[in-house]
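Colleague: These protein sequence lines are chains P and U, in that order. Under the UniProt record's numbering, think of the first position of the first sequence as 1, with each following residue one higher. Under the UniProt record's numbering, think of the first position of the second sequence as 1, with each following residue one higher.
Read the hints as simulated data drawn from the structure, not as lab findings. All values reported here derive from a predicted model rather than from experimental measurement. We put the CB at the ideal spot given by N, CA and C, even for glycine. Take the hints with a grain of salt, since some may be wrong.
Claimed, not checked - Think about it this way: if two alpha-carbon atoms lie no more than 25 Å apart in a straight line, the pair counts; the simulated DSS-like pairs of lysine-lysine are:
#1 U:K79 to U:K220
#2 U:K79 to U:K92
#3 U:K48 to P:K124
#4 U:K79 to P:K283
#5 P:K283 to P:K30
Unchecked claim - Computed footprint of chain P on chain U, listed as stretches where at least three residues anywhere in the stretch have a Cβ under 8 Å from a Cβ of chain P:
#6 6-15
#7 53-64
#8 68-80
#9 84-94
#10 123-130
#11 146-152
#12 177-185
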Amino acid sequence: MITLGWVYVLAGGAFAAFAVLGLSDNANPKRFGNAAFWGLMALSMWAGDFLGDLGNGLLVLALVAIAGIGALGRSGGGDVAPALRAERSRRFGNGLFLIALVIPASALLGTVALRHLPTLIDVKQVTLISLALGVLLALAYGHARLRAAPMLPLQQGRRLMDQVGWAAILPQMLASLGAVFALAGVGEAVGGIIQLAIPEGSLLGAVIAFGLGMALFTIVMGNAFAAFPVMIAAIGMPLLITRYGGDPTIISAIGMLAGFCGTLMTPMAANFNLVPAALLELKDEYGVIRRQIGTALPLLAVNIALIYLLAFR
Amino acid sequence: MWVLLGIAVIVVGFMLRFNPLLVIMVSALVTGLAAGLDPIAIVSAFGKAFNETRYVSIIWIVLPVIGLLEAYGLQERAKALIGGLRGATVGKLLTGYLLLRQATAAIGLTSVAGHPQTVRPLVAPMAQAAAEAQAGDLPEEMREEIKGWSAATDNVGLFFGEDIFLAIGSILLIVGLLDQYGIHVQPLQLSLWAIPTAISAFLIHGFRLWRLDRRVSALKAEGTETRP
Chain P
1 MITLGWVYVL AGGAFAAFAV LGLSDNANPK RFGNAAFWGL MALSMWAGDF LGDLGNGLLV
61 LALVAIAGIG ALGRSGGGDV APALRAERSR RFGNGLFLIA LVIPASALLG TVALRHLPTL
121 IDVKQVTLIS LALGVLLALA YGHARLRAAP MLPLQQGRRL MDQVGWAAIL PQMLASLGAV
181 FALAGVGEAV GGIIQLAIPE GSLLGAVIAF GLGMALFTIV MGNAFAAFPV MIAAIGMPLL
241 ITRYGGDPTI ISAIGMLAGF CGTLMTPMAA NFNLVPAALL ELKDEYGVIR RQIGTALPLL
301 AVNIALIYLL AFR
Chain U
1 MWVLLGIAVI VVGFMLRFNP LLVIMVSALV TGLAAGLDPI AIVSAFGKAF NETRYVSIIW
61 IVLPVIGLLE AYGLQERAKA LIGGLRGATV GKLLTGYLLL RQATAAIGLT SVAGHPQTVR
121 PLVAPMAQAA AEAQAGDLPE EMREEIKGWS AATDNVGLFF GEDIFLAIGS ILLIVGLLDQ
181 YGIHVQPLQL SLWAIPTAIS AFLIHGFRLW RLDRRVSALK AEGTETRP
C-alpha cells in the first residue's frame, strides 16, 4: 500500500540531492552550512520515526544552530540566461503550461479517483500522495518533452530551495512550539487574562472580546488552531454559549474564521506570509502581510458582526 | 502566569528581528522551564511534534519541476500568454484566481494550488504581464506590490474557501472540541455557516483588487500626460 511513508522517502531524496548539489556550489561561500541544513532535513524525512523523541529534538537544535549563527547562504549563479529562456519559451510554447498543470491536475484527479482504492493507497493522505505522484509524472513528461539534462531539475530546484532558506521549516517549527505551549498550559493562562478585560453583563463586549481574542491570539501563535481551544474555554463556553445562550455551531464556525483574519496579519504564520515573500523574491519580507491587512481588518469586523447578529436570535 | 514569558519572547524576538527559528526555540525553552519541565523533556516534546508534522514540508518536492520549467521559460510564456489576451487586467486576473482558489478549496482541494505550485510560476508573472499590458513599463515598487497581491490573493482564497469543506482540519477540530464539552454539532452545519464569511471575503478582497486595477490603469494615464 502506498502511504505517506513513501512520500517521506521521496522528499528525503529531494532534500539529500539539494544537500549534495549544494556542496559543489563554489559560488556560495556558506555552502557547507546549506549542505548540512538540507542534509539534516533529508535525515528527518528518512529516519525521523527511528530517531526517538530526544533524537529528533537534537536534530531540530542542530537545524536552529545552523540558521541561528547565519551559516545558511544563498546559492550564487546557476541562473539560466534570460536570452536562452526567451528562446526556449518561444520554441516550446504553451506546452510548458501542460507540464506545469500536471501537478495540480494529478492532485485533483488523484484525490477524487484514488479515494476508491483503499487497498492500494492510504486514503487519509490521498492528496499529498497524489501531489507526490504528480511531481514524478511532471518530471517524466517534462523530461520527454524538453529533453533537458537529467540533473537540471534538481540543480534548479536546489537553487530555489536555497532562496527560501530556513523559512522552509518555519511552519514545522511553529507546530512544534504549539505542542510545547499545550504541555505548559499557556492557553489557560491567556484565557484568564482575557476574561478580566470584558465589561460585566455586556453581550456585545463578550462577542467583541471573543472575535478580537481569536485574531490577536492567532497573531501571536501564527495559527487559529492554537487560538480556538483557548478562546472557547475562556469566553465561548462560559459566556457566549452558557450565559447568553448563543448557538455553538455559529459561534465556533465564524469564530474560527475570525482567527483566520489574524493569520493574514502575522509573520508567525510563516508558510503563508514569509515563505511566499522569499519565494517571490520580494525586497520587503512583510510585503505579503502589508497587502493583506486591508482585507483582514474589515473582514474581522464582519465576522464579529455576523456572530453578534446570527448566533443570538 | 510565568508560562506567558514564552509569548513575550516571541513578540520581542520578532520585533528585534532575530532569526525566527532561534526565537521559536528560545520561546519553547522559556515556556517549558516556566512550567517546571526539565530541558531534556522540552527538547523531546519539541522533537516529537517536529517529526509528527513533517508532512507540511513535503511541498518542497515540487521545486525541481518548477525549476525545470523556469529554466525553459515558463515565466516568459505566462507573460506572453496574458500579454496576448485583449481585455486582461491585473484586477480581473487576480479576482478570477481568487474565485478559483475559493471554489477548489471549498471542495477540499487545498493542496491543488499554492505559493510554490501556482503563485510563483504562474499567477505572479501573469499578474505582472497583465499590469504591463495596462500601463506599459511598471515602476519597481508597483512590480513588488503586484507580487505581494498575487500571494495575498492565494491566501485569502484558501482561508475563506476551505472552511466550506466539511472534512478540513479546522472543522474537525471544532467538532472534536465541542464534543469534549458535551455539545454535538454536525460538520455540515459548521461548513454552511462559513459561507457568509466566504462571500464577504470575496467582496472585500475583490473590491480592493478592483481599486488596484484602477491605480494601475491610472499609471498609464500619468505616463502619457507627462510626455510632450
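Colleague: For every hint, state whether the structure bears it out.
Modeller: Verification of the hints:
1. Restraint check: the Cα-Cα separation between K79 (chain U) and K220 (chain U) comes to about 19 Å, which is no more than 25 Å; the hinted pair holds.
2. Of the supplied pair hints, the one linking K79 (chain U) and K92 (chain U) holds, its CA atoms being roughly 15 Å apart against a limit of 25 Å.
3. Among the hinted pairs, K48 (chain U) with K124 (chain P) is consistent with the structure: their alpha-carbon atoms are about 21 Å apart, no more than 25 Å.
4. Straight-line distance between C-alpha atoms of K79 (chain U) and K283 (chain P) comes to about 21 Å, which keeps the hinted pair within the 25 Å bound.
5. About 21 Å separates the Cα atoms of K283 (chain P) and K30 (chain P), which keeps this hinted pair within 25 Å; it holds.
6. By the rule of at least three residues with a Cβ nearer than 8 Å to a Cβ of chain P, the coverage given for the stretch 6-15 of chain U holds, with 5 such residues.
7. Under the rule that three or more residues need a Cβ within less than 8 Å of chain P, the assignment of the stretch 53-64 of chain U holds, with 12 such residues.
8. Coverage of the stretch 68-80 of chain U by chain P holds [criterion: at least 3 residues with CB-CB distance below 8 Å; count 12].
9. Coverage of a stretch by a chain is defined here by at least three residues with a beta carbon nearer than 8 Å to that chain's beta carbons; for the stretch 84-94 of chain U and chain P the count is 0, and the condition is violated.
10. Requiring three or more residues with a Cβ within less than 8 Å of a Cβ of chain P, the coverage given for the stretch 123-130 of chain U is violated, as only 1 such residues are present.
11. Under the rule that three or more residues need a Cβ within less than 8 Å of chain P, the assignment of the stretch 146-152 of chain U holds, with 6 such residues.
12. Coverage of the stretch 177-185 of chain U by chain P holds in this model, with 5 residues showing a Cβ closer than 8 Å to a Cβ of that chain against a need of three.
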